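Visitor: Since chain A is already given, all that's left is putting chains B and C on it; use the hints.
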Amino acid sequence: MAVNTAESPLLGGARRGGRLALPNSVYRALLAVVAAVFVGLVAWFLISLIVQAKPAFSTLGFSWIVQKVWNPSHNQFGLLPFILGTIETTAIALVLAVPIGLGTALALAYLVPHRLRPGLSTAVELLAAVPSVVYGLWGLIVLAPLCREYLEPFLSSAFGWTGLFNGPNQGVGLLLAGIILFVMILPTMVAISRDVLAVVPEEQVEGATALGATRWQVLRKVVVPGARTGLLGAFTLATGRALGETVAVALVIGNSPFIAHSIKSPAATLPSLIVNNFGEATGTELSALFGAGLVLLVIGVAVNALARVLVRSTARDSTASAASVAVA
Amino acid sequence: MLAAGLIAAGVVLAACSSSSTPATTTTKPGGTLESTNSQYLSADLKAPAGALTAAGSTFVQPFFTKAFFQYQSLNQGVQVNYSGVGSGQGITDFQAGNVNFAASDVPMSSSDLAKVPASSGPVIQVPDILGGVTVSYNLPGVTSRLKLDAATLAGIFDGTIKTWDASQIKALNPGLTLPSNAITPEVRADSSGTTYIFTDYLAKAAGAAWTLGTSKTISWPSSAVQTPKNSGVASSIKSTPYSVGYVELAYAIQNNFTYASIKNAAGNYVVPSANTVAADADQKTSVTPTDFSIVNASGTTSYPISGYSWAIVLQKQTNATTGATAVKVLDWTTHSGGGQALAAGLDYVALPPAVQNSVRAQLLTITGPSGQVLLTK
Amino acid sequence: MTTLAFDTSIDPILERRRRIQSEAAASLGRRKVYSRIALGICWVFLGIAVVPLIAVVAYVVIKGLPAWNVDFFTKSTVPEGIPGGGVWNAIVGTAIIGAVATAASVPIGLLCGLFLAESDGRIAAAIRFSADVMTGVPSITIGIFGYIAIVKNTGHFSGLAGAFAIGIIMVPIIMRAGETAIRGVPLHLNEAALALGARRATVAGRVVIPAALPGIITGVLLAVARGLGETAPLLLTIFGNQFLQWNPTKPIEALPLVIYNNSSQPYADLIQVAWGAALLLVVVVLVLSIGSRVLAHVLQREKR
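Line order of the protein sequences matches chains A, B and C. Under the numbering used here, the residue at position 50 of the first sequence is numbered 50, and the numbers go up by one with no gaps. For the numbering used here, count along the second sequence from 1 and bump the result up by 1000. For the numbering used here, count along the third sequence from 1 and bump the result up by 2000.
This is chain A alone, in the form it adopts within the complex:
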């Protein structure tokens, strides 16, 4: 196309001064205006969130964010249970997703027969596009009963001594929410990890193999360290998705506004708090929910920024470009 199609229509276009032949200054201005519209929109978003959250801060000070009690009828709007719930569900998801995601990505990139790799990789990437509400539906209808009948009794009897598994087996709760998040972020994590693992230069892999390293040693000492930056990017991106997930979590967490005393307890997260209460809230409660949104935004943006910093600035290895594309 470079020569054939670009040349003649271009000349024609330039001479005729077609629709698109705006003067350069107008074109530049147009781009700048559109850019300003977008930046303005984001500024409007941030400002309106802050403005709406401000009454909560001015009535309750700043300490309400870390207070323990959420009880709107008594004007108590502590966000701590929800912040902890958000962190705990994400932590459960990551504890499962990091090793399993990494192992899966390694298997997909180096162990699975060559013929199957493209197909499997594409399948995983496509799964990453499945909407989260579908995972929520599956979690509530299919996984909750399994969790209650098999997983929770098993964990309680095997690890009951830790004190982490007290209370009745209800199915819904922190554990199920964490598991759903794990299943939901897994495809994203595997897809990106596989990409960054696959671009570790073949010479390094071959070199290590020639030196007598076993396959595992190659993966452990060459491939994973070589893809370190990209992997970190993948994990942080997945963390961001888990922290902000709303509907899949709201369906399976049990929505109890308390600091969970057990991994099986019903709990709540910042997004589930917002989605369950936003519609009916007024006054300070509404403002507190905007505040919860603001807290969530700060956490989300911080994690995302961390991903970018990790990928962009420390990136010296070959996986950097793949990772930055993936994170974008």
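To be clear, the hints were calculated from the coordinates, so they are not data collected in a lab. A portion of the hints provided could be inaccurate.
[Said to hold, decoys possible] Short derived list, chain C residues pointing at chain B, Cβ under 7 Å:
1. Pro2079
2. Pro2083
3. Gly2085
4. Gly2155
5. His2156
6. Phe2239
7. Asn2241
8. Phe2243
9. Trp2246
10. Pro2251
11. Gln2265
This one's a predicted model, so the numbers in the text were calculated from it and none came from an experiment. Virtual Cβ for every residue (Gly too), placed ideally from N, Cα, C.
Guide: Just chains B and C now, with coordinates in the frame of chain A:
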């Protein structure tokens, strides 16, 4: 004197196997419908075409959606998009002016009304249906119906009674083998009129034993699983063994739940049904937005956790056409011969005729932008 | 005399190599066992990962297909207990929200991407920062913004408010894909066109964007796929509608909303509708994702 009369009426009702059909004698509390009813109803079905948006109570949702569906089949131009989002959100949406009307199982309080912009003018609140709140449970191995009283319910729902074989439950159900499993209370996560009716009963019947108050939102114990909407709680009860929750009667019957018989003010254990809810409501037929509670009424067959759901609409409609549509649809829905005829089939109880008459009187005060009355014969 | 042979016994480097080799040979068995175990664990993890993912897809297909019939695709929602009905209203709603959001976000995203590819100033930094913020923001917060910006200001819920929120989610995705694709266009094409006297707008419209089209289309389709599946913002903005509604300024239904609302219903027929809607949404999203790949592939080949 009055109380004695009411109790007497209850006994009479009980004697004739508590029929929910309103009596024709003036001494019976149900009253009679005004003779103009049918004229209004046929005019209601000629409401101007248009789409209405309404939101609120999930207590009334099964009734509303079917009544509006029926209305649309009779007057195809009118669509009423009712969203069951909970009474609390219905009121909030109404205050924000996002809906043509709202529904709540507890009328807007004075502080709720204060949040309606002054420019919107006064608010009309009318009963739209009568229903009961069941205590439904999922108790594997127990087939017979549990008997529960207010104090025990209070203990179950404030978390102090933790297992099914607790002494308080055993004492009320001698001869029943109860499992030792932990109780999972299933409650509402959203601001709910059903919660209000339930806690209103607990506060009135259990007295000091119930410490969590009467409200649309309660600070439940941490053991409770919270789910939005009546349907959500029903779904959660259905899928969680050893759970117990409160849902509107229609939800309990349609899901084949087992539900408890509840001790009423007369000391009898009463199974919720259209008849026993009607018996409770018949004890008090002059309800107003400030005096609406009918829980724990006297009468031997009264089911004590009963309540009206309320439709909420602005008295001054800013648009004559949608205003007329809204008023006519509401009038049709709240009267026998119109929507109320569907009540029994859906496990609700039709409004007593006296209440229907007062609803129409209220709806007749709703006017369009130029002051014209929108409800016509 | 002809001592070409080195005295290997005292060369420290060779000595070290020999030692390493003998250690490596001695540990080979152990290392192989470790390797087997570790690789075995990788395989196990692959299995653990595959089971739930296959289960999700299998359940959606197995439970969703029985819900699919003519009514499902042609009728609107009917109340619980009344037989029949479908999700036509939600299909139309999702299509409208997707169309409006795409129509609004593609020009903004694309022009911002063009701007980013062409300039590196303070404004570009501001755009990059904004896009970073918007990518990191949980979608429920964007739903809150849709509520403040549209629902509150217009006084009612609407498909438009949902499309606004979804569009905001799509813009950064399109922008980044656009920027990457545009930066990938060889500079000499640009320069050649400019040397011929073409104005910048002409170059952009006739050279750069056509050359970057495969990447742009992929980005747009992925953004649409992502946007159509978003649920949280819709919960705060579109209200839902059991009737068919073509007017985006009115409350509207959408497939993700149907899935979310019906999944916590106690009635088996409503849950089946949720599965059917989930299958439909997954099919649509997958068709968009696969379509973007195929299209990009085809366009890429045509260019050569």
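Visitor: All hints, please: hold or fail.
Guide: Now the hints, each set against the structure:
At its closest, the beta carbon of C:Pro2079 sits 4 Å from a beta carbon of chain B; the interface hint therefore holds under the 7 Å criterion. Look at C:Pro2083: its Cβ only gets to about 12 Å from chain B, farther than 7 Å, so that hint breaks. With 7 Å as the threshold, the beta carbon of C:Gly2085 stays out of range of chain B, its nearest partner Cβ sitting at about 10 Å, so the hint is violated. Interface hint status for C:Gly2155: upheld, as the beta-carbon distance to the closest one in chain B is roughly 5 Å, under 7 Å.
Hint status for C:His2156: holds, given a least beta-carbon distance of 5 Å to chain B, under 7 Å. Hint on C:Phe2239 holds. Least Cβ distance to chain B is approximately 6 Å, under the 7 Å limit. A distance limit of 7 Å between C-beta atoms decides the matter here; for C:Asn2241 the minimum to chain B is near 5 Å, and the interface restraint holds. A least Cβ separation of about 5 Å between C:Phe2243 and chain B falls short of the 7 Å threshold, and the interface hint therefore holds.
Look at C:Trp2246: its Cβ only gets to about 12 Å from chain B, farther than 7 Å, so that hint breaks. Hint status for C:Pro2251 relative to chain B: holds, with the closest Cβ pair at about 6 Å, below 7 Å. Proximity of C:Gln2265 to chain B holds as hinted, the smallest CB-CB distance being about 5 Å (cut-off 7 Å).
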